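Novice: Model the full assembly from the supplied sequences, consistent with the hints where possible.
Here the working numbering is used: position 101 in the sequence shown is 101, and no number is missing along the way.
Heads up, some of the hints might be wrong.
Straight-line distance between alpha carbons at most 20 angstroms, and here's what the computed EDC-like set of lysine to aspartate or glutamate pairs gives [claimed, not checked]: (1) K127 to D116; (2) K127 to D64; (3) K29 to E62; (4) K29 to E76; (5) K29 to D136; (6) K28 to E76; (7) K28 to E122; (8) K28 to E62; (9) K43 to D116; (10) K28 to E58; (11) K43 to E72; (12) K43 to D80; (13) K57 to D136.
Quick caveat, the hints were computed from the structure, so don't treat them as lab data. A quick note: this is a predicted structure, and the numbers were derived from the prediction, not measured.
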Amino acid sequence: MLGPLPQSVLFCCDHNAVRSPMAEGLMKKFYGDRVYVQSAGVKNDMEVDGFSVAVCKEIGVEIDRHRSRSFEEMQEWGDDLGQFDLIVALSPASQRQALELTRYHHLDVEYWPILDPTGLGETREAKLSAYRQARDQIRGRMLDRFGPPSETEAEPEKD
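Specialist: See below:
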C-alpha cells in the first residue's frame, strides 16, 4: 500500500479527541515539515482525551495542547478541504462526512479502520492497553502507507 508522501493530510474521526489527534501527532513526528497535517472531527464536543495524551507521550509524541475542531469549524475558519491532497478517515462516520464534503473536489479519501478505544477496559491499565492498541494500529497503517519516518521513531517505554 506504500504510496508517495502527500504534501497535505487531514485525519478525521468522530470527535477529534482520540484517534485523529493521535494520527496528527504521529504524522508530524514521523514526517516533520515535509507534510502539512491537520485533524478534525464530525463533531467538536470533547477535549483531547487524557488516555490518548498518555499513550502518545510514551513514544515521544506530544498532543496535550491539541484543540479539537469539527469539519464545520474548519470551514467557518476558512479552511478548504480541497486544499488537502489526502483525507484519512479513522471512523465510519468521519468517512461518510469526508466523502460528502469533498464530493466536488478531486482528492483522495482513505478509510483506515482503527479501533475506538473509548469505553474499553475496566481498569486504568486495561484502558491504556486499548489506547495503545489504537495508537499502534495508526502507526502501523501510517508506516505501511507513507514509508519510514524522516527521523528515528521513538520506541515505547516499557513498564
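Novice: So, for every hint listed, does it hold in this structure?
Specialist: Structure-based check of each hint:
| no. | hint | result |
| --- | --- | --- |
| 1 | K127 to D116 | holds, 11 angstroms |
| 2 | K127 to D64 | holds, 18 angstroms |
| 3 | K29 to E62 | holds, 9 angstroms |
| 4 | K29 to E76 | violated, 28 angstroms |
| 5 | K29 to D136 | holds, 14 angstroms |
| 6 | K28 to E76 | violated, 24 angstroms |
| 7 | K28 to E122 | violated, 32 angstroms |
| 8 | K28 to E62 | holds, 10 angstroms |
| 9 | K43 to D116 | holds, 15 angstroms |
| 10 | K28 to E58 | holds, 16 angstroms |
| 11 | K43 to E72 | holds, 8 angstroms |
| 12 | K43 to D80 | holds, 17 angstroms |
| 13 | K57 to D136 | holds, 13 angstroms |
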